[in-house]
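The residues making up each chain are set out below.
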Amino acid sequence: MQKVDLVIGGLGVVAIIATTLGVALYEEGAGERTVRFPEGLLHEHDTDEAEQSDRGAGSLEYEKALRNNATLMRDMVVTFTFTGETGVPTDGTGSYEVRITPPGNQTCEGKIEPWSEDRVTVAVPDCRLAQPPESVRTTDVGSVGQTLVWNEDFIFEIIITDPDDPLAVEDLPLGGVEYTYDVDVAYKEYGYRATVEQPDVSSR
Amino acid sequence: MAGVRGAWNSRFGFIMAAVGSAVGLGNLVRFPRELADNGGAAYLFVYLLLLVLVGLPALLGEMSLGKMAELSPVRAFQKLGGEHGKKWAVLGVFGMLAAMFVLFFYIDMTGWTLRFFFASFWDAWWDDPEGYYDKIAYGPGAILWHGIVAAIVVAIVARGISGGIEKVVTIVIPALFVIVIGIVIYALFQPGMSDGYKEIFDPDFSALSPNNIASAVGQVFFSLSLGQGAMLTYASYMDKKQSVTQDGTITAFADTGVAMLAAMMIFPVLAFTGLLTSPVFLEQQSSFGTAFIAMPAAFVQMGDVVGRIIGTVFFLGLFFAALSSAISLLEVPTSVLVDSLGVVRWKAALLLGFIVYSFGVVSAVNADWFVLYDEIAVNFFIVAGVAFTTFFAGWIVPGVAKELDSGLKSRIGIYLVWVMRTVTPVLILVVFLFGGLFGNDVDGGIAFWADGSCASVTEAECEANAAGWRELGHDFKKAFGFD
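Protein chains in written order, with the numbering used here: chain A, 1 to 204; chain B, 205 to 687.
Derived from the structure by calculation, the hints contain no laboratory data.
These numbers come from a predicted model, not from an experiment.
We put the beta carbon where it would ideally sit given N, CA and C, even for glycine.
Heads up, a few of these hints could be off.
Derived, one-sided and incomplete: chain B residues facing chain A with beta-carbon distance under 7 Å [stated by the list, open to error]:
{"hint": "1", "residue": "Ala328"}
{"hint": "2", "residue": "Trp330"}
{"hint": "3", "residue": "Ile340"}
{"hint": "4", "residue": "Gly345"}
{"hint": "5", "residue": "Ile347"}
{"hint": "6", "residue": "Leu348"}
{"hint": "7", "residue": "Ile352"}
{"hint": "8", "residue": "Ile356"}
{"hint": "9", "residue": "Ser544"}
{"hint": "10", "residue": "Val547"}
{"hint": "11", "residue": "Lys551"}
{"hint": "12", "residue": "Tyr561"}
In the DMTMM-like style, the derived pairs of lysine to aspartate or glutamate whose C-alpha atoms are separated by at most 20 Å in a straight line are [said to hold, decoys possible]:
{"hint": "13", "chain 1": "B", "residue 1": "Lys551", "chain 2": "A", "residue 2": "Asp5"}
{"hint": "14", "chain 1": "B", "residue 1": "Lys444", "chain 2": "B", "residue 2": "Asp609"}
{"hint": "15", "chain 1": "A", "residue 1": "Lys3", "chain 2": "A", "residue 2": "Glu27"}
{"hint": "16", "chain 1": "B", "residue 1": "Lys606", "chain 2": "B", "residue 2": "Asp443"}
{"hint": "17", "chain 1": "A", "residue 1": "Lys111", "chain 2": "A", "residue 2": "Asp5"}
{"hint": "18", "chain 1": "B", "residue 1": "Lys339", "chain 2": "A", "residue 2": "Glu113"}
Partial chain A-side listing against chain B, Cβ under 7 Å, derived [as the list claims (entries may be wrong)]:
{"hint": "19", "residue": "Leu11"}
{"hint": "20", "residue": "Gly12"}
{"hint": "21", "residue": "Val13"}
{"hint": "22", "residue": "Ala15"}
{"hint": "23", "residue": "Ile16"}
{"hint": "24", "residue": "Ala18"}
{"hint": "25", "residue": "Ala24"}
{"hint": "26", "residue": "Cys108"}
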């Protein structure tokens with residue numbers, strides 16, 4: 001018997017062992033996935049809120065991100081337009097604050113703008129999740145091809161602080177003056193779709 | 205008889221074998237997606253330019269070496285390398301290792317195509333077009349079909365060039381053409397198919413980015429089966445009277461022709477079955493998803509009779525394309541053992557078949573290994589193989605230009621060698637530098653892979669968020685059990 005015959009015999013045994021190990025150690029779902037996180041625009045939102053009236057300071061919760069997998073709120077612009085006969089408070093101490101609260105106890109920078117003109121535009125810094133939401137930390141991975149989604153809210157909060165009014169009477173802020181304004185909120189939601197998918201080959 | 209080389213019975217046999225080596229799943233499924241995603245006719249224009257300027261000279265250079273040496277890669281480099289031949293022989297090893305690493309997962313993949321074909325007869329994928337692939341791609345069943353294909357490939361290669369390989373390729377390659385052309389013609393008469401043509405032919409030059417062009421360079425190299433020793437080995441069995449330039453050019457354009465026909469098959473079918481805009485197709489980012497998930501879903505839409513028939517022949521065509529490539533890949537190390545060590549052909553084929561099968565079992569049960577083999581093969585061995593082969597043909601071996609002119613009336617060999625010396629190495633470098641992006645197409649934005657790497661269209665954004673989002677990738681890795 002030649003050496004090559006011995007080598008072939010040995011490799012045949014290796015093939016049998018490989019087969020046995022392959023079958024025995026195969027775990028359904030193991031290593032089947034390449035997880036892709038393409039970030040793309042999920043939704044552009046531009047809401048024209050109804051006319052609001054306000055006698056004094058308060059906060060208004062305007063909008064939530066409702067799309068799956070939102071991980072970034074960008075190009076956020078909140079526009080306040082004063083309407084009504086009372087016009088704009090002119091003493092300059094009032095302000096609008098836009099707060100963005102991302103999901104998962106994370107924080108984002110908001111923006112404050114003073115009441116200064118009859119139309120105030122607040123451009124809010126982009127708010128990006130620093131970590132994945134708790135809800136997606138799961139070992140319950142489905143089959144290949146499944147697109148994992150999460151549904152976590154970003155909360156817009158608009159806080160209006162009235163200007164100081166030296167003539168204000170306690171419990172009757174602004175001297176009883178009522179201001180009316182429109183609020184327009186525009187933003188773009190970006191998100192990741194965590195897609196569990198098969199690998200691809202780059203050759204052949 | 206030990207160590208006896210074979211030869212092609214006919215020129216047609218060689219061309220079919222070479223085309224079969226070049227044409228694979230990448231031609232039939234990956235190229236159409238690349239075409240549609242990267243600017244249609246604009247991408248095609250760039251691809252053809254690169255084919256002529258880069259791919260063709262590199263292919264002809266590799267074939268010349270094989271024909272001149274009449275030996276497999278390792279011995280060919282040794283023989284043609286002159287007094288330093290033994291050192292040059294090491295370069296031939298790269299091609300051989302590239303072929304083997306590709307085979308580790310390619311046999312497995314060919315098993316999928318064969319299983320899908322047979323599954324057509326018991327409605328296995330018909331009843332669950334979007335889920336069947338998921339069930340069969342990995343696991344004990346995949347090992348079985350991996351073994352069946354390995355046995356088939358070994359049996360064909362063991363029977364030699366004319367008695368085995370040529371007999372098979374002269375049947376399966378023409379059959380593949382008939383299948384693809386047949387489906388293209390059928391699709392032409394279906395309402396709604398024109399949207400598919402728009403996808404692949406509407407030019408969009410704005411879609412051409414440096415990454416896409418680098419990807420096109422890579423696609424040209426890999427599609428022509430370069431750097432793996434396959435073309436060199438096949439050419440070593442050529443008749444002296446055959447012209448490398450003529451036959452190599454036919455091979456290159458036939459390879460591209462099949463890819464174009466495949467695009468004209470896949471996208472019109474998806475269009476007239478309504479799947480072009482469906483998540484079933486849109487969510488498939490990989491060639492496998494298109495071939496084994498989207499297309500079965502499309503065939504089901506065609507109706508009980510037509511869909512079954514077309515689906516069955518489609519998967520038969522995929523099998524033929526994959527089989528002919530696998531044969532050429534196994535022939536490389538087999539011929540090395542025959543030429544270098546005098547091993548009897550069938551024993552060499554069997555020995556290598558066991559090796560390829562055993563390593564391939566891992567990729568039949570674990571996709572990470574599947575990808576790993578591909579990455580090692582492509583990003584290292586193939587790129588090195590193309591670089592070394594082209595360098596060797598362009599700078600080291602005298603007489604390549606003369607070989608390229610053999611059988612021709614015009615003298616173009618010197619120009620082809622000039623391209624091999626100058627243009628091709630630059631573009632190989634481009635492929636090498638961008639190599640990590642191949643197979644990891646990013647469809648805008650930031651993508652994080654299982655390994656936590658980051659690829660982004662907007663580099664600044666990626667840098668700004670890389671740390672945080674790598675963490676995201678790692679968290680997902682842990683969640684999905686990669687760590």
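Okay, the hints, checked on the actual structure:
1. Ala328: Violated - the Cβ of Ala328 of chain B stays beyond 7 Å from chain A, reaching only about 17 Å at its closest.
2. Trp330: Not OK, violated: Trp330 of chain B not within 7 Å of chain A, min 18 Å.
3. Ile340: violated (11 Å)
4. Gly345: violated (10 Å)
5. Ile347: Status holds, d = 5 Å.
6. Leu348: At 9 Å from the nearest chain A Cβ, Leu348 of chain B fails the 7 Å test, so the hint is violated.
7. Ile352: Result: violated, 12 Å to nearest chain A Cβ.
8. Ile356: Violated, about 15 Å.
9. Ser544: This interface hint is violated because 13 Å lies over the 7 Å limit.
10. Val547: holds (6 Å)
11. Lys551: Holds - the Cβ of Lys551 of chain B comes within 7 Å of chain A, reaching about 5 Å at its closest.
12. Tyr561: Hint on Tyr561 of chain B: holds, closest Cβ of chain A at ~5 Å, below 7 Å.
13. B:Lys551 / A:Asp5: holds (8 Å)
14. B:Lys444 / B:Asp609: holds (13 Å)
15. A:Lys3 / A:Glu27: violated (37 Å)
16. B:Lys606 / B:Asp443: holds (16 Å)
17. A:Lys111 / A:Asp5: violated (78 Å)
18. B:Lys339 / A:Glu113: It is violated: about 57 Å lies between the C-alpha atoms, which goes past 20 Å.
19. Leu11: For Leu11 of chain A, the interface hint holds, since the closest Cβ of chain B sits about 4 Å away, which is under 7 Å.
20. Gly12: holds (6 Å)
21. Val13: This interface hint is violated because 9 Å lies over the 7 Å limit.
22. Ala15: Hint holds; Ala15 of chain A Cβ to chain B Cβ min 5 Å, cut 7 Å.
23. Ile16: violated (9 Å)
24. Ala18: holds (4 Å)
25. Ala24: violated (10 Å)
26. Cys108: violated (13 Å)
In the structure shown, a violation is registered for the earlier hints numbered 1, 2, 3, 4, 6, 7, 8, 9, 15, 17, 18, 21, 23, 25, 26, in ascending order.
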